[in-house]
Amino acid sequence: MKNYLNTETIRWLLLIIGIGLVVELTLFTHPLTIFFAAAAIYLGLKLRPHLWGTILLVVGIFTAAGIVMKLNILKIIIIFLILHFFYQYYWKTKKEPHVIKVETTQPANKATMVKKEPFIKNSLFGNKKIGTQVYEMDDINIHTGIGDTIIDLSMTMLPQGESMIVIRGLVGNIKLLVPYDVDVYVNHSVFVGKINIFDVQEEGFNKNCIYVSKEYSAAARKLKILTSIVVGDIEVRNI
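Residue numbers (our numbering): 1 to 239.
Read the hints as simulated data drawn from the structure, not as lab findings. Here the structure is a predicted model, which means the values were calculated and not measured. It is possible that part of the hints are untrue.
[Stated by the list, open to error] No farther apart than 25 angstroms at their CA atoms in a straight line, the calculated lysine to any residue pairs in the SDA-like style are these:
1) Lys175 <-> Leu51
2) Lys194 <-> Gly126
3) Lys46 <-> Glu202
4) Lys116 <-> Val166
Model the full structure from these sequences, guided by the hints.
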């Protein structure tokens, strides 16, 4: 199947959306409305699973959705996508038929690739907790939307060498519980949130920090943690 929306088009589309959002939110949206939506979502995540936390989260999400639906840039993007697909399918494809050339070649000897299902998968909404039962450790690379992520490494045995955990999210807290005998490298980036790495605390705006165990480079078993989040706290501690 032909790809009608290539990477270059998507890149320009995202750039236009970003510029349009900044212009519209700055000039045509009341700052208090944006602040209310962001504050409601943040406090809702903080106070969950209490009733008030759930109420604030729902109100914040609906307020943010209302802001987005009123943006003119969204209407422009929808019109652009319709015109783009119409051009690609009804005009370009008809005028320039796609010719497929089939060539047979002798297959080369190469290693067989095996697809593995990741133990932890991406999630858009909801909390994620790993470590309530014994599991086999593998490298972790996930994206999260809105919700907290907790990973308890005391229920697994880290293999020899360097293991890696990569977590990228929008809104929510990250908590990692690491065994005492594992050396750790932590690289964290956050727009708004608190940082607590083995009781070393930081707090601020648009922060990026790196913490490394003294014996990390020579350790037999070590863990590299790469995390980034827009709004939320991170805590890494021993267990």
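Next on the checklist: So, against the hints stated earlier in the document, which numbers end up violated here?
Outcome noted: Of the numbered hints given earlier, the structure breaks none, since each of them holds.
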